[in-house]
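*Asks:* Okay, here's what each chain looks like letter by letter:
Number of protein chains: 2
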Amino acid sequence: MSPISNREIHLASRPVGMPTAANFELVETHLPDPAPGQMLVRNRYMSVDPYMRGRMVDRKSYVPPFQIGEVLTGGAVGQVVRSNRGPLAEGTYVLSMNGWREYFLSDGDGLTPVDPGLAPLSSYLGVMGMPGLTAYVGLLDIAKPKAGDAVFVSGAAGAVGSVVCQIAKLKGCQVIGSAGSDAKVDWLLNRAGVDAAFNYKAMPVSAGLARFARGGIDVYFDNVGGDHLEAALSALNNFGRVAVCGMISQYNAIAPTPAPRNLALVIGKRLTLQGFIVSDHYDRLGDFHRDMSQWIAGGQVKWEETVYEGIENAPAAFLGLFSGENLGKMVVKC
Amino acid sequence: MSPISNREIHLASRPVGMPTAANFELVETHLPDPAPGQMLVRNRYMSVDPYMRGRMVDRKSYVPPFQIGEVLTGGAVGQVVRSNRGPLAEGTYVLSMNGWREYFLSDGDGLTPVDPGLAPLSSYLGVMGMPGLTAYVGLLDIAKPKAGDAVFVSGAAGAVGSVVCQIAKLKGCQVIGSAGSDAKVDWLLNRAGVDAAFNYKAMPVSAGLARFARGGIDVYFDNVGGDHLEAALSALNNFGRVAVCGMISQYNAIAPTPAPRNLALVIGKRLTLQGFIVSDHYDRLGDFHRDMSQWIAGGQVKWEETVYEGIENAPAAFLGLFSGENLGKMVVKC
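Residue numbers (numbering that gives the first Met the number 0), protein chains in the order written: chain U, 0 to 333; chain S, 0 to 333.
The shape of chain U in the complex, shown without the other chains (with noise of 0.2 Å):
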């Protein structure tokens, strides 16, 4: 058979500040017939993170950085299309690490099948995947509020946030979203079934927790960071626990950025800040697809996806992120 032709988002440049269209490049390619005990695998769904940004840095952190001139990388939902006597059949959809692309040939390390009957495709980058048990470990095992807590989460209408949520209302406890647009604060109020939301661009933090939290609150989920979080140690009571997942307001800053001012609120009330990222916690991926399965078959959990369609888009979806284009999940359809 011919080669297969395929396009592939490259890094053509490091951003600085905001990304750009202009650091990415869409790069056509043709990929060679399967060698034996290879299969070919045609991408379904490609997910972008904010997570990204940070790879996007010249920097030692808890993954590599990007390579200018190749390939991105993140998790993407395929299909094996074509097996030269490989590991899995012809058919089975696969989670991998090899998005932001339409093809890839692969020997079958890095892929995990998965059950399109279980839960749609793309929710295998969603509420059950990545984000998903970033909500799961973040809330229950970081932050562990119990029944009748104030939890705040910020991101509330994002991947994580609109999760986080979820479960800590399946847990009993009193939810306050914030978000950055009306119809997500629309959609946590009618849908997630949350006790309070708030248009962050409508009100400073700090009035909306006054407003919606006029007792304080006990748990933070940090997806934001900067004035949130500045905001929620104010209205933290004793004791109260930061789970701090992501500073989305913080990856594409210059120069370092000064929040919060009231830090030394942590000593008078004994708060605990827990930074956390969900590599370290695949451990519970087994108790997580259960609960998860189960909240989604009761229609305890609901979801919502963003979608973006064609590999050429995935810069904008990315981009989206950091304007709050997305409502739950951003994927791109490939």
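For the record, the hints were derived by calculation from the structure and aren't laboratory data.
Please note: incorrect hints may appear among the correct ones.
Copies of the same chain look alike in the list, so a pair counts if it fits in one copy or across any two.
To be verified - Pairs of lysine-lysine residues, derived as PhoX-like cross-links and limited to a Cα-Cα distance of at most 25 Å, are as follows: (1) Lys332 - Lys143; (2) Lys268 - Lys59; (3) Lys268 - Lys301; (4) Lys268 - Lys143; (5) Lys301 - Lys59.
All of these numbers come straight from a predicted model, not from anything done at the bench.
Starting from the known structure of chain U, arrange chain S on it as the hints suggest.
*Replies:* Chain S in isolation, oriented as in the chain U frame:
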């Protein structure tokens, strides 16, 4: 017998920024003879501590604010000099929170007898008292270092820091201390036995850590905040812990203070910052007394005191805390 002539220090006005002598007033009073069931206590030593600065502000906190025109309070060790059938015999030495005065009357509530044969009287305000317990629980229960960990201590020659350094050494840690004078650095190296120490007024904290903690740090015991915390966050290794005990650099700030600018590091490094106050940990008092009296008897923990003479000099002693006049515990001999 005639009324007892007493001198005490009142809060004259609330400090704005750095406190001054004008915020305090020396007041002469006369106490009546002890009523039946009462004792007259003559203070011998009283404590001045950085936390008292917080109580001079009129705000809700973990202890109520001092009131203008009223006598200040704080730790003190005194002696029962007269008893009118009170619960303790004349001559008994007692620890109380009735500092900032020469004499007081008591029915015994809030008095703890102390044994001057076990440790010097003034040490019950320092290494054997609240600052010692603060060091003990902050290091062992909050920061939880393992043998071999690199532990960075700020305010390392102070009442709390000097004890933290020595307990950390006893637990097999590598200890790096920062202090505000060369004399304090000498004491840390030659008496407290730390592995490295530097004068933060002679080099930036970040430079001190780069030079003396080449492998990074695993624990930061924070007494200072500000630049110290920012530099420590940058130097912390993955899964590092910060025990947030105090932020003396911030206590006199007249506007919110913007450091640290690198708090987002808590995510990728999976750091934990935990604030604590000693009064939550009095269940550890027995363990602390047992361990500390053994360490002192064995010469494994050394301590210093800086003694101001006379109740009239208590305000100067307190002010001296913020310019680092003290090596070890600052006390006032009444």
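*Asks:* Decide, hint by hint, whether the structure agrees.
*Replies:* Evaluated hints:
no. : hint            : in the structure
1   : Lys332 - Lys143 : neither (35 Å within a copy, 47 Å between copies)
2   : Lys268 - Lys59  : between (33 Å within a copy, 11 Å between copies)
3   : Lys268 - Lys301 : neither (35 Å within a copy, 31 Å between copies)
4   : Lys268 - Lys143 : both (17 Å within a copy, 20 Å between copies)
5   : Lys301 - Lys59  : neither (36 Å within a copy, 40 Å between copies)
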